[in-house]
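Trainee: So the chains spell out like this:
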Amino acid sequence: MPRASLPNSADKIEEVRIDTDILIIGAGNAGCFAAIEAKRLNPDLKVTLMEKAHIDRSGCLAGGMDAINTYIKKGRTIEDFVRWSRSQAGGLLREDLTITMAEVLNKPIEEWEDWGMPIKYEEDGEEYKTRGKWDITISGSEMKVILAEKTRECGCEIINRVVATNYLMDGEKVIGAIGFGVRDGKVYIIRAKATIIATGGAAGLYKPYQNDGNDSHHQLWYSPFNVGSGFAMGIRVGAEMTTFEMRWCATRTKDFNGPIDTISVGYKTPMINCKGEQILKTRYAHLGGDAAPRFIRANLPMDEWREGRGPCYVDTTNMTQEQIYDMKYDYLNERPSYVLFLAGRAQDLQKDPIEIYGSDPYIVGGHTASGYWVDVKRATTLPGLYACGDVAGGTPNKFVGGCAAEGLLSARAAVEYVTGLELANINEDQIAREKDRIFAAGFRQAIVGDGVKPREMEERLQRLMDEYAGGVHQFFRMNKEGLEYALRHIKIMKDQVKYLIASDLHELMDAHEIIDRLDVAEVLVHHLMYREETRWPGWQTRADFPEKNDEKFDCFVNSRYNPETGEVEMFTRPYEQIIPGDRLKA
Amino acid sequence: MPPVVYKEKCKSCGKCEEVCPGDLMELAEDKKAVCRSARDCWDCMACVKACQFDAIETRIPYQLGYYPAKLIPKMRDKEIEWTCIDINGKVEKFLVKTYNK
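Top line first, the protein sequences correspond to chains S and D. With the numbering used here applied, the first sequence corresponds to residues 1 to 586, in that order. With the numbering used here applied, the second sequence corresponds to residues 587 to 687, in that order.
Note that these hints are calculated values from the structure, not bench results. All values derive from a computational prediction rather than experimental measurement. It cannot be assumed that every hint is accurate.
[What the hints assert, rightly or not] Keeping only pairs whose Cα atoms sit at most 25 Å apart, straight-line, the calculated SDA-like set for lysine to any residue is:
#, chain 1, residue 1, chain 2, residue 2
1, D, K664, S, E113
2, D, K601, S, N160
3, S, K73, D, Y685
4, S, K453, S, L487
5, S, K453, D, R622
6, D, K683, S, R152
7, S, K453, D, S623
8, S, K351, D, F680
9, S, K107, D, K683
10, D, K676, S, T317
11, D, K601, S, C154
12, D, K617, D, G600
13, D, K683, S, E334
14, D, K683, S, W115
15, D, K679, S, Y329
16, D, K597, S, A4
17, D, K679, S, E322
18, D, K679, S, Q350
19, D, K601, S, D184
20, D, K664, S, I119
21, S, K120, D, F680
22, D, K679, S, L349
23, D, K664, S, E127
24, S, K254, D, I658
25, D, K618, S, G185
26, D, K687, S, E149
27, D, K664, S, G125
28, D, K687, S, D326
29, S, K453, D, R625
30, S, K120, D, D663
31, S, K129, D, K687
32, D, K601, S, G155
33, S, K120, D, Y685
34, D, K601, S, A4
35, S, K186, D, E615
36, D, K683, S, E149
37, S, K73, D, N686
38, D, K679, S, I119
Next comes chain S alone, as it looks inside the complex (with noise of 0.2 Å):
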């Protein structure tokens, strides 16, 4: 595909005007989910997918997939579901979000299989080969190549390579998104009767801590090219988020910040310290032993280090020849390079088990509850927005499946929303001004030819997040002055922004994944001063507050960024209890 340079000045920007029914914005799983179920709804809709990257390989599942973390299996209900998430999260989730996404839950996941995608059955029968109580194995290498071509053959509209940058707005109202073209460098303007933002969730706000060098800066737990512009999007307009402070931080191989999953759960292998002991069993079987929710088993290899007791390991010592075959099988399915990884260092883990370390922290609706605030049917609080996948909040543990199970939801929405709807009338002056503030960085470039690079920036930014605001340099640890200092050198950048220098439209690119990671921060740090307790140890862990305050902080915290004052409002919402029971039990 043939690069276009940067435009030298805003009359020289080439439109693409686009006019559709429904735009879903994340042609990720949850995006293209969205869109087959909308096309499957009513054929006559158009349906357009914008992605930034190509739909083939884009979104978290690029590498693939070894497992399908929440599958309802026969004989278990959605109750149990609820309960176990639930517990899983530490109590606090939204249940009617959970109940819905769970009715739908194994659809999409079946469907995966009739199109093409292995799934492992039991040597005797008909059902799928179990790994843990909602877990399924799965040879996903080429899942997302499967569900792309199913798209394609839906009959909607794709176009890659397009960045979106912003809503088009009429009012309080979203009518569609504006973005650039990285390829070929034009405006598109997109115009809808109703969007779906499925963007996935946002990596790199924090330093991780294999960056030692120029060639591990992306070792992530997370797809790196998620860096959270859908809530950077919404909160630019005012959309209410919810727990942002409920961080995704993740028990994964040391170094390689690989998948621990696959080897504890696939396997069975114990968590050890550097004595020996199985610390799950021992020393926090107060918390819930083996079955502790994913918090603790992400905190614990942390604290270990911090009294002195690390390095710890999944212990692999007593895994067979065999097993570690398969084990290393799966791992082709998910994260290939981490055979290799292993190969790096000739590791024989019959001798050497595999070391655990934590993640850098990551804001992820999927695996925790941040994101939109949303209703039932994935309606944000934007009238003609809908969100599903890892940028919707409310719903923790949704995995892949939960989030392909939202695109479904989302999508059915928005099919009844543009019954008889007509298309509103562009705003010019916003096009304009988005223009300007799109290419603001090509022309300081072009014009000036001396300011602030975007990695100069995205560095600078994650190594305030890390030292700050709880990063695993601190070992997920913050206080209330920390988090001040982190909120203004933040607003410190955001004014920088103005000083951004790009010399080619990826430059363009990496520019506005600063821009929208300084607003996914900056309400980061609000959700997490605003918590004065701590609920989830390690993914939120106030030193100056270490005891849960149940009386004040039961409930949701939810933020609302006011585009006229520009401050973020903090307030909360009550928990609503639907399925009875202890809420930290399954």
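Could you slot chain D onto chain S? The hints should help.
Mentor: Relative to the frame of chain S, chain D by itself:
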């Protein structure tokens, strides 16, 4: 992580550029593939799988894993044949199913 391009094998087909989720692979002025920013690669191996000419290899940064380990996927219709060679030359092969049809 940083994909290494064997320029003599690159046939300038542009498949790697087409699929790279990070917009990192492109054809340089000599029409050979190049990764514009090694640090920004997620090592999803989409480019390695897309290259029919075995011109791209994913490399673990030396800061994390030693030289010269290799992982080579051979794409087939319904499976990938992976060959993994560790730093001592030990070879392992895997046949990974990709389509159930």
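Trainee: Could you run down the list of hints and mark each one as holding or not?
Mentor: Hints and how they fare:
no.	hint	in the structure
1	D:K664 to S:E113	holds (14 Å)
2	D:K601 to S:N160	holds (14 Å)
3	S:K73 to D:Y685	holds (23 Å)
4	S:K453 to S:L487	holds (21 Å)
5	S:K453 to D:R622	holds (15 Å)
6	D:K683 to S:R152	holds (23 Å)
7	S:K453 to D:S623	holds (14 Å)
8	S:K351 to D:F680	holds (22 Å)
9	S:K107 to D:K683	holds (22 Å)
10	D:K676 to S:T317	holds (20 Å)
11	D:K601 to S:C154	holds (24 Å)
12	D:K617 to D:G600	holds (9 Å)
13	D:K683 to S:E334	holds (13 Å)
14	D:K683 to S:W115	holds (14 Å)
15	D:K679 to S:Y329	holds (10 Å)
16	D:K597 to S:A4	holds (22 Å)
17	D:K679 to S:E322	holds (13 Å)
18	D:K679 to S:Q350	holds (19 Å)
19	D:K601 to S:D184	holds (17 Å)
20	D:K664 to S:I119	holds (14 Å)
21	S:K120 to D:F680	holds (16 Å)
22	D:K679 to S:L349	holds (17 Å)
23	D:K664 to S:E127	holds (23 Å)
24	S:K254 to D:I658	holds (23 Å)
25	D:K618 to S:G185	holds (23 Å)
26	D:K687 to S:E149	holds (14 Å)
27	D:K664 to S:G125	holds (23 Å)
28	D:K687 to S:D326	holds (22 Å)
29	S:K453 to D:R625	holds (15 Å)
30	S:K120 to D:D663	holds (19 Å)
31	S:K129 to D:K687	holds (19 Å)
32	D:K601 to S:G155	holds (23 Å)
33	S:K120 to D:Y685	holds (12 Å)
34	D:K601 to S:A4	holds (18 Å)
35	S:K186 to D:E615	holds (23 Å)
36	D:K683 to S:E149	holds (18 Å)
37	S:K73 to D:N686	holds (21 Å)
38	D:K679 to S:I119	holds (21 Å)
When each numbered hint is compared with the structure, no violation occurs for any of them.
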